[in-house]
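Participant: Below are the chains, spelled out letter by letter.
2 protein chains.
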Amino acid sequence: MDVSKTKQAKPPLLNGASISEKRTELKNYFKQTWAEYESLFSLINDDSAYFLRPEHLRHPLIFYFGHTASFYINKLLLGKFISERINGKLEAICAVGVDEMSWDDLNSEHYDWPSVDEVRDYRQQVAELIENLIDNMPLSLPITQDSLAWIILMGCEHERIHIETSSVIMRMLPLQYLTAVAPWSTCQNTGKAPTNELLPIKGRLVEFGKPASDDTFGWDNEYGYDQLNVNDFYTSKYLVSNQEYLAFIEAKGYQQNDYWSEEGQQWLAFTKATMPRFWFKKANNNNEEVYWQRNLLNEIPLPLNWPVEVNHLEASAFCHWKNSESTNNEKQLIRLPTEAEWFCLRENVAGDLTTWQKAPGNINNEGYASSCPVDQFEHNGFFDIIGNVWQWTESTIDGFNGFDVHPLYDDFSIPTFDGKHNLIKGGSWVSSGNEAMKYSRYAFRRHFFQHAGFRYVQSQRGVLPNLAANHYENDTGICQQLHAQYGEAKSAMPLAVKHYSQQITDELLACINEYQVATNTCLVLGCGVGRTSFVLAQHFNQIDAVDFSARYIRHGVHLQQGKSVRYTLANEGDIVDFYEFNLTDFDLPCSENILFSQGDVSNLKGVFKGYDVILAQHALEQSYDPRAFLQEVNSRLNAKGLLIIVSSYDFDEQQTSKENWLGGLKINGENVTGFEGLSLALTPHFNLLKQQQLTRTIKINRRNFMLSFPHLSVWQLK
Amino acid sequence: MDVSKTKQAKPPLLNGASISEKRTELKNYFKQTWAEYESLFSLINDDSAYFLRPEHLRHPLIFYFGHTASFYINKLLLGKFISERINGKLEAICAVGVDEMSWDDLNSEHYDWPSVDEVRDYRQQVAELIENLIDNMPLSLPITQDSLAWIILMGCEHERIHIETSSVIMRMLPLQYLTAVAPWSTCQNTGKAPTNELLPIKGRLVEFGKPASDDTFGWDNEYGYDQLNVNDFYTSKYLVSNQEYLAFIEAKGYQQNDYWSEEGQQWLAFTKATMPRFWFKKANNNNEEVYWQRNLLNEIPLPLNWPVEVNHLEASAFCHWKNSESTNNEKQLIRLPTEAEWFCLRENVAGDLTTWQKAPGNINNEGYASSCPVDQFEHNGFFDIIGNVWQWTESTIDGFNGFDVHPLYDDFSIPTFDGKHNLIKGGSWVSSGNEAMKYSRYAFRRHFFQHAGFRYVQSQRGVLPNLAANHYENDTGICQQLHAQYGEAKSAMPLAVKHYSQQITDELLACINEYQVATNTCLVLGCGVGRTSFVLAQHFNQIDAVDFSARYIRHGVHLQQGKSVRYTLANEGDIVDFYEFNLTDFDLPCSENILFSQGDVSNLKGVFKGYDVILAQHALEQSYDPRAFLQEVNSRLNAKGLLIIVSSYDFDEQQTSKENWLGGLKINGENVTGFEGLSLALTPHFNLLKQQQLTRTIKINRRNFMLSFPHLSVWQLK
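Respectively, the protein sequence lines represent chains A and B.
This note's numbering puts the first residue of the first sequence at 26, with every later residue one more than the last.
This note's numbering puts the first residue of the second sequence at 26, with every later residue one more than the last.
These are computed hints drawn from the structure, not numbers from a lab.
Here the structure is a predicted model, which means the values were calculated and not measured.
A portion of the hints provided could be inaccurate.
Identical copies carry no separate label here, and so any pair may be met within one copy or between two of them.
[To be verified] Calculated pairs, DSSO-like style, for lysine-lysine (alpha carbon to alpha carbon, straight line, at most 27 Å): (1) Lys52 with Lys463; (2) Lys105 with Lys683; (3) Lys715 with Lys105; (4) Lys56 with Lys297; (5) Lys56 with Lys743; (6) Lys743 with Lys105; (7) Lys114 with Lys683; (8) Lys114 with Lys691; (9) Lys105 with Lys691; (10) Lys588 with Lys463.
Let the hints inform the model, and build the full structure from the sequences given.
Facilitator: Okay, here's the thing in C-alpha cells:
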C-alpha cells in the first residue's frame, strides 16, 4: 500500500446515495488507517524495541501494536456482531491499560506479552475479518450509532488516536531503534521565533456540541448542546515558541513554586523537571551545555521558532510567570484559553477536515512528521489555530447537556469527567480523522505529555468563560432517590403502581379540594431532590422546600435553573448505568415559586410559618428529634391548615437516638408503633382526617428493588 | 375486707352458665387478689422502708406497690380497652424493671419514686376503674384470650406473682420495718429432720402443655404440646432439709470449686457466699456462732427439718458433692430433676388448685407464712411434691410446640427462652392462683433466690430426660429466609405473585415433563431452609439438599424431623414478631427421602453425582469460586440431565473475590453480565433450553421488603 497517499485519508460521511460506494469508502478508510498505523510502527527497526518501556506511565509498544486490532474484536463481540474470538489470550492482554495513570503510579505488573510476529499475524487475521465484514455486513444509510458500520468507524478513529499516542511513545524511544523513512520527515525549517503579541478577539455566544444530524462519526462526548457568552479577550498571535518559553526557564521558573499550582508543585517535586519533556542539554563544540530537542525521528538543536511542548502544569506556570512580569496584572489576566475561547478563535478557520482540499495547517499528517515554525500557518492574522501542536485549555472536560454514552464504549469519556482532565484543542501534525475535526474533544490529565503546547489569552480578571461542570452524581442514596423520582422515563417501573411522588401529591391535592384548604403557601419538608415540590408549585402560589441535606437540594435547585442532572445507578455488580434528565422530560416547568433551602426539621427557623399546608415526607425519620418538630408544627400553620405526614417510621439510631424515636420500641414496657407515637404528639392540636398506605419502589440495581409501604396521614389544625 | 378469707381464693373458670355470676366471680377474684397484695404490704410498719433496696438486683418495694396497679392500666391502654391514663408519670416509673438482672449488674440509676400515699391513692383509683370495668364490660363465655376479661385475669395472676416476689424482697428487709399480723404467721414446728432416702419412680411417656381447651387462665408458656419418654428413676422422699444441706456446708462445699459449675464458681467468687442466702450466724448464749434463719417475719435458730432455700447453682453443687460421696457414681447420677421427672412425681397429687377443698400442701397461703417441716405434707409416700418451697429443676424454660405469645404481653416468656432461665416447680407456701397450678411454668436465672429449694433424683447416667430446646432463631438473614419460604401462612404477601419457591419448583417440574427427564435423583444446591427440597421430594425418589451454611440447613433437618421452627422478624424499629411453624402448616410431608448436608459448591465432594436434575438456587453468588463448580457440574449429571440455575448474579466481594465473579464487571475492558459469564462457562457441555425472570420478595419488616427479579435458566447436558 502506498503510504504517502494514506496521509490524505478523510473520514467517510454517514450519508450517501450508494450502499456499494459506501462499502468501498468504509473499506478504504479502514485500510488507510490500518496501513498508516503499520507505517508508523515500521519506523521501528528492531523488534526488541517493542518491549521497552520508554514512558513509564504507558505500556510498551507491543501492547499498542496489538491493541487497535484487538479493540475491533472485543467491540464486535460485545455488540454480538461476531461470536468467536481470534486469539483470546492476545485479546485479553492487549485490551486494557491504555489510559494514562497517575504520575506517581509506577505500574510494576508483569505481563506475558506476545511476540511481534504473533501480533503481525494477528493483525493480518483481524484485517481480513474486518474487510470481509465490510463486504458482507448489512448496511443502510445514513450510518447510525447502533450499526456495525459505526463500530468499524469507531475502530478506525480509535486506531487514529493510537497513531498519535504511539508516536508520542516512540518519541521517547532511544533513536537507535528508529529509522526515518520517506513519508515521515522532520521539518528542516528552524531559526529565531517571531515576537509574540496579543490580538483582540470579539466575544460572542458560543454554542457547543456536535449536532446529532452531523454527517460524520463522533465520540459520545462531542454530542449534546450547551451555550455560553464569551466576553472580548486577547489571544497570542502565535503558539508559545521554544524561544518564548526559554525566557521562563532562564528566569528560573522551574525553581519558583509561586508560579506553580499545588498540583504543579507536587509534580515538580516528584519529577524534578527543569525543562520541557522533549528538551535536553548537550555539550556543543565549545563544550558548553546547550538545549536540544528530541523529535519523533531525530534530535536537533532547540528549534527556537517551533512551538514549545509542555504539559498543562507547565503551561499554567508560564502564564503565572507572565502575569508577574506584566504591569497590568491587577485588571488583566494572562492564562490559558477556555474551550469556549478556542471556539471563538476557530471561527477564523474555514471548513473542516472533510471539506478541505488540503489541510490549512500542520495537521492530518499532511505536512511534517514533526512540529514546524509557529509562523508558518496563518489563519486570518492568527497562527496555528489548528495543527502543529495541541493547545492546552483551562477547561476540564465534561459532557454537554444531552450527553449519552455509546453502549459499546461506556468508558471512553465518563472516567475523564472528573475535573482532572483538561481539554486540548486544535490537533497536532499527526492528528487525523476525528482528531483533526472541529467538534472533537480530547482531554488528558494535566501532568501528561502529548505533542501539545499552548497559546495564551488575556482577559479581564473574573469568572472564566467555562461551562459549569455537571459531573455525574454518584452518591448511592442520592442516585437512588433521583432514579425513584425521575428515572421512570428511561426505565420501566417493576410494578404497575402510580409513581410514588404522584401518590403523595394526588392525595395532597385531593385533600385541599375536599377540606377547602387555601393554596397560597405550602411547606415541603424532606423535599429531597424535589419532584413533589415541582408538582405542587403548579397548584400553590409559593412552595418552601426544605431538606436537611444540601447534597439533595442542589439537584432541585439545578433543575429549577433549567439544567440537566446526571447520575449513575448500579446495573449489575460493578457495572453502572448513566442517566441524565431535566424537568422538560417530565413536562414540568422550572417553577420560580419554589424556594429550596437547607433546614433542620427538629429546629426549624421561625420564619417557616403561615402555611396552608405542610407536607413532611420522610422528614420525621431523618430528624434527630421528631417530637421537637411535632410539638410546635401547629404554630406554623394557618387556621384549618393541613399537616400531611408521610413516613415509614423507620427510625434508626444513626440519625435519631432511641429516646427520640416516636415508636418502634417499648415505651414504659409496652410496644408503641411510630404512628401511635405520632398520634400522641399531634392530638393536642390536630384532628386526624384520614390515613392511607402508599407504595414506594426504589431501584437498587437491575434486579433488586426496595419495596416499601409508607404511611400517609392527614391532620387538620383544630 | 377479711384478709383471712382471701387465702382460699381460687382462679375463676373460663366457662360458666351465667354471665352475671361470672362477673361476680371475676370481681371477687380481682378484689381478693388486690386485698391480699395490700395485706402483704400492710406488714410494713414504716413507709420509709418502701424506698430501701434490700435486694440490689431488684427495685425498692415502692416500685412493686405501684407496679401491679399500673400494669392493668398499661395493658388496658395497649389493648385499647381504655383510652386515658390515670397517672402517666407513675405508670411510666412503675412499668419496667421487674425482671431480675444479671448478678453483677448493679443498677445505679436514680429514680424519682412517688410517695407511698400517692401510690395508695393511685391504687384506689385503679381498683375503682377495674371494678367498674368488670361491672360494665362486654362479656361472653367462655372467656377467650382476646377478651377484656382475660386481661383482668392476667392482671390478677400478675399481681399474685408479685405477692410472692414482694414477699421475697420483704424477707430481706430489716425486721424492724415489719410487724407480724395474724394471717401471716410463721410455722412454729422445728426440730431434727428425718433422714432422706431415694424412692423409685416408674418412667412413662410425659405429655407437656396445658390444653387450649383448659378451663383456666394460663400464661403463654404453658400452652402447646410436647412429649417425652422418661426412664425409671429414683427421687428423694423429702425436699433437701437445712439439716441435710448443713452437711455440705460442713464438708466445706462452698470452698471447693470442683462441686460448682463454671457459672457457680463465678457467682461464688462474686458474692463470696458461704451459706444459703437466708441463713446467718449469730452467737448463742455460750458465745458460740450458730446458724439462724431469716423468715419473712422473724429470725429463728436454723430449723433443721425445714427445706433449705438456695439458688440453682447451690442446689447443683450439693448434688455434685453428693455424687462424690456416693460409691455408685459411675453408673448412677444424683442431680436435680428435669421438668419431665417432676411431672412423673406430680402424678402422686390428686386434682389441682381449682378442685381442692383444702390444698394438700403448704401452698396457696393456706398454711403458714413460712416454710414448714419437710415431713409434714405427704403424697403417696413422697413429701412436698407441691408447696413448702419451689423446687429447682435441670430444665431451662422454652416454649412447647405451638407456642404463641399473647399479643398484649409479648415479653412475659420470650426473654426467658435463652437457656439461662431454669424452671422451678411445685410452688411455695405463698404461691397462689396460677402459680399454684399443675401446668404453671415459672423460671428464673440460676443465681436468683426465691422461696425455693430442691429435691434430688438419681438416675442412670446419660442423656437427661429434657425436651430439646427450640429457641427462636434470631439471625436476621436466616429469619428473613424462613419467613420468605414459610411465612405466608401467617402474613399476607405484599404482592399478588406466586410463592417464590413454587415459581422455581413449578418451572423445574414443567421442564421434567417437557424434556422427559428421569426423576430418580435431584441435587438441590443452596437448599437453605429447605422449602423447595420438601416440595421436590414428592416428585423424586431421592433429594440431596446441600447448603454452605449449617445454620440454614439445621432448620430443614428440624422440619424433616416433624418439629416446629421458631424465628423472629422485625415489625417496626426494635419491635419484633414471633413465628412458629412446621411442615404440616403447608401440607408438606416430613419426607425421609431428603438428605440434608453441608457442602461447598466450589469444591463439592465427588459423591454428589449421577443426578437427573441439579438445581442451584442462589448458590453461585454465595460461593467463592462459581466457575470451579460450573466447570465440572456436567460430570455430576446423568445423560440428558438438567441443570437449573437460579441467580440474581449479585456477586459480592465479601463472598467472592472479584476475579471469580461470573460477571457484573469489566473483563478485558468490556462489561460482562453474570448470565453472559454463566453462559460462557456452560456452553461447552450444555444447551440452553429456556430462561425466565422470577419474582422474589423478602420481608425486612412491617413496611419494607426486598423485591428482586432473579433469573432462572435451564440447561441440558449435551
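Participant: Could you check the structure against the hints above and give me the numbers of any it violates, in ascending order?
Facilitator: 4, 5
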